[in-house]
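Asker: Protein chains in written order, with the working numbering: chain A, 4 to 324; chain B, 4 to 324.
Worth flagging that the hints you see were computed from the coordinates, not collected in a lab. Mixed in with the good hints, there may be bad ones.
No distinction is drawn between identical chains; accordingly, a pair holds when it is met within one copy or between any pair of copies.
With a cut-off of at most 25 Å between alpha-carbon atoms, the simulated DMTMM-like pairs for lysine to aspartate or glutamate come out as follows [as the list claims (entries may be wrong)]:
#1 Lys264 / Glu88
#2 Lys174 / Glu283
#3 Lys96 / Glu301
#4 Lys185 / Asp229
#5 Lys8 / Glu210
#6 Lys280 / Glu108
#7 Lys240 / Glu321
#8 Lys64 / Glu210
#9 Lys71 / Asp27
#10 Lys41 / Asp94
2 protein chains.
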Amino acid sequence: MAEIKNVTAGIDIGGTNTVLGLVDRNGNILSKAAIATKGYNSFGKYINILSEKIQMLLNSKSDNFELKGIGIGAPNGNIFRGTIEHAANLDWKGVLPVAGLLKKEFNISVKVTNDANAAALGEKLFGNAKHIDNFIEITLGTGLGSGIFAEGKLLYGHSGFAGELGHVIVKENGRQCGCGRKGCLETYVSATGLLRTVKELLTDTEEVSLIRNTDFYTLTSKDIYDFAKKGDFLALKAFDFTAQILGKALADFTAVLSPEKIFLFGGLAEAGNLLLKPAETYMNENLLTVYKNTVSIEKSGLKHGEAAILGAAALIWEDIG
Amino acid sequence: MAEIKNVTAGIDIGGTNTVLGLVDRNGNILSKAAIATKGYNSFGKYINILSEKIQMLLNSKSDNFELKGIGIGAPNGNIFRGTIEHAANLDWKGVLPVAGLLKKEFNISVKVTNDANAAALGEKLFGNAKHIDNFIEITLGTGLGSGIFAEGKLLYGHSGFAGELGHVIVKENGRQCGCGRKGCLETYVSATGLLRTVKELLTDTEEVSLIRNTDFYTLTSKDIYDFAKKGDFLALKAFDFTAQILGKALADFTAVLSPEKIFLFGGLAEAGNLLLKPAETYMNENLLTVYKNTVSIEKSGLKHGEAAILGAAALIWEDIG
Numbered sequence: 004m005a006e007i008k009n010v011t012a013g014i015d016i017g018g019t020n021t022v023l024g025l026v027d028r029n030g031n032i033l034s035k036a037a038i039a040t041k042g043y044n045s046f047g048k049y050i051n052i053l054s055e056k057i058q059m060l061l062n063s064k065s066d067n068f069e070l071k072g073i074g075i076g077a078p079n080g081n082i083f084r085g086t087i088e089h090a091a092n093l094d095w096k097g098v099l100p101v102a103g104l105l106k107k108e109f110n111i112s113v114k115v116t117n118d119a120n121a122a123a124l125g126e127k128l129f130g131n132a133k134h135i136d137n138f139i140e141i142t143l144g145t146g147l148g149s150g151i152f153a154e155g156k157l158l159y160g161h162s163g164f165a166g167e168l169g170h171v172i173v174k175e176n177g178r179q180c181g182c183g184r185k186g187c188l189e190t191y192v193s194a195t196g197l198l199r200t201v202k203e204l205l206t207d208t209e210e211v212s213l214i215r216n217t218d219f220y221t222l223t224s225k226d227i228y229d230f231a232k233k234g235d236f237l238a239l240k241a242f243d244f245t246a247q248i249l250g251k252a253l254a255d256f257t258a259v260l261s262p263e264k265i266f267l268f269g270g271l272a273e274a275g276n277l278l279l280k281p282a283e284t285y286m287n288e289n290l291l292t293v294y295k296n297t298v299s300i301e302k303s304g305l306k307h308g309e310a311a312i313l314g315a316a317a318l319i320w321e322d323i324g
Numbered sequence: 004m005a006e007i008k009n010v011t012a013g014i015d016i017g018g019t020n021t022v023l024g025l026v027d028r029n030g031n032i033l034s035k036a037a038i039a040t041k042g043y044n045s046f047g048k049y050i051n052i053l054s055e056k057i058q059m060l061l062n063s064k065s066d067n068f069e070l071k072g073i074g075i076g077a078p079n080g081n082i083f084r085g086t087i088e089h090a091a092n093l094d095w096k097g098v099l100p101v102a103g104l105l106k107k108e109f110n111i112s113v114k115v116t117n118d119a120n121a122a123a124l125g126e127k128l129f130g131n132a133k134h135i136d137n138f139i140e141i142t143l144g145t146g147l148g149s150g151i152f153a154e155g156k157l158l159y160g161h162s163g164f165a166g167e168l169g170h171v172i173v174k175e176n177g178r179q180c181g182c183g184r185k186g187c188l189e190t191y192v193s194a195t196g197l198l199r200t201v202k203e204l205l206t207d208t209e210e211v212s213l214i215r216n217t218d219f220y221t222l223t224s225k226d227i228y229d230f231a232k233k234g235d236f237l238a239l240k241a242f243d244f245t246a247q248i249l250g251k252a253l254a255d256f257t258a259v260l261s262p263e264k265i266f267l268f269g270g271l272a273e274a275g276n277l278l279l280k281p282a283e284t285y286m287n288e289n290l291l292t293v294y295k296n297t298v299s300i301e302k303s304g305l306k307h308g309e310a311a312i313l314g315a316a317a318l319i320w321e322d323i324g
């Protein structure tokens, strides 16, 4: 019999797919799988299929795994109650007792938080924040998610939902946000936000741009990136505007949290010189003097396809050390 | 000989006066004194006089005090370096090694932080936050100071200067702030900010008001409070505007920190129904849904004349338990 390998299961529940993997203490994903998130009669049925998949990963022929716990990253995941609460992009409404149901199956510690908090934990345990006690992890996707480490601890706050930086209001009466309010950071700084900015520039300016010859409805933030790389002035302007809003917001967040580093993760974070560097310049221009040269913006150290699983798995590893 | 009483010294260094006291573990100030902060040849001379004053308090005839440490609240106090750094309202410029100098005199633990952080610690140890792990303490005076407790710990951040909520920018290209930037929260929400709002309303509106018959240059925020209490519409409008800016800012801070309570301290905090209640209403109107009913605004539990000494003393008590 092979030697026993201690692992935790990291599960990332997305709107379309659920990915899961077994992760060792060093952040190696030893085995992984995926199931659809949609298309089940009930949440209970989904949990059954998910449990079978976890069991399948554990029943490896070549390895002798010992499961130490299950960590879950999910939209509106609540660490205190072990629930997913009113997640807009899942089929099931209301409060879903996801931790309780999996605990019943595996009789083991199960923890759940939102995906950005999980990413911050992953950064701390397995990424570029190993020796950093104060940092902000920002995930840039369709929206803007964030997880905060303060004095060495992931910040959950009183509600369990601390760190919703995407919903800090950066423009009075600004863009309509999906949350029902106006001017939230994520309506400007996200893949969707960048496209809204491009649309605004197409409408409000007469800037010559190749984007004008493109079908706007199929346009992605990656396309804008490619246009900008080719020197398209409107695309460059859109990135500059995005970087400016982000930089100013990060200057404000620094006045609250005084982080040592701010890590960006996700598609837009790859746009290094178009976003990270100018955002850092705008942030520095707007920092209160005492914070000058105390904070930098960097790319996450987590790999794109692995971050979600590692972050979720870190929820358990952080407890058992 | 009387029984030994363990005490810490709490020192509050203000621009004009320095107040100090001996504080027991229960937050009783057993003895107190004050010296001028201005008028010394050197910072060393000031420290000598301050040390003599501490010694005088310790040499009580009726009590047998044992000094366990010295805590200091001071503008731009840095906990990591034990220094006061570039404080605008002190006579001495540059970096002042206040902790080191007092440690040399008393050979005892000496800690320094800014006055708002000290107030937050005082609230936690001796005030209304005893059982609260996530809260914000806001001190309203000439400016707006703040101290943050996150997950049970005072948040210093990487620089030691976390929690400068007064310098979060709430209006793009807003009012000029003493920090050199524009639109900082404290240019609106503070005694000075309230007076600026009154001035703006006097200029921009034709609102009938008794304030128009008053010498503006001698007007204080207390006067505005008195006018508002008498039903002066312009004064009421100024308070409502202040409450609105504060409430919206607190909604944003909640999206970062998710505190359970926000404590207001200082002169303006006394204006309960004119400021606290409307600020709470504006905050609630602007909260992201997940935070609804998770946070409230309350008055500090610290007494006005005692808070600074208690907070500074708490810097030491928090360590020795």
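Asker: Give a verdict on every hint.
Answerer: Consistency of the hints with the structure:
| no. | hint | in the structure |
| --- | --- | --- |
| 1 | Lys264 / Glu88 | between (30 Å within a copy, 23 Å between copies) |
| 2 | Lys174 / Glu283 | both (20 Å within a copy, 21 Å between copies) |
| 3 | Lys96 / Glu301 | neither (36 Å within a copy, 34 Å between copies) |
| 4 | Lys185 / Asp229 | neither (29 Å within a copy, 36 Å between copies) |
| 5 | Lys8 / Glu210 | neither (59 Å within a copy, 76 Å between copies) |
| 6 | Lys280 / Glu108 | neither (47 Å within a copy, 48 Å between copies) |
| 7 | Lys240 / Glu321 | neither (42 Å within a copy, 51 Å between copies) |
| 8 | Lys64 / Glu210 | neither (61 Å within a copy, 82 Å between copies) |
| 9 | Lys71 / Asp27 | within (10 Å within a copy, 46 Å between copies) |
| 10 | Lys41 / Asp94 | within (7 Å within a copy, 67 Å between copies) |
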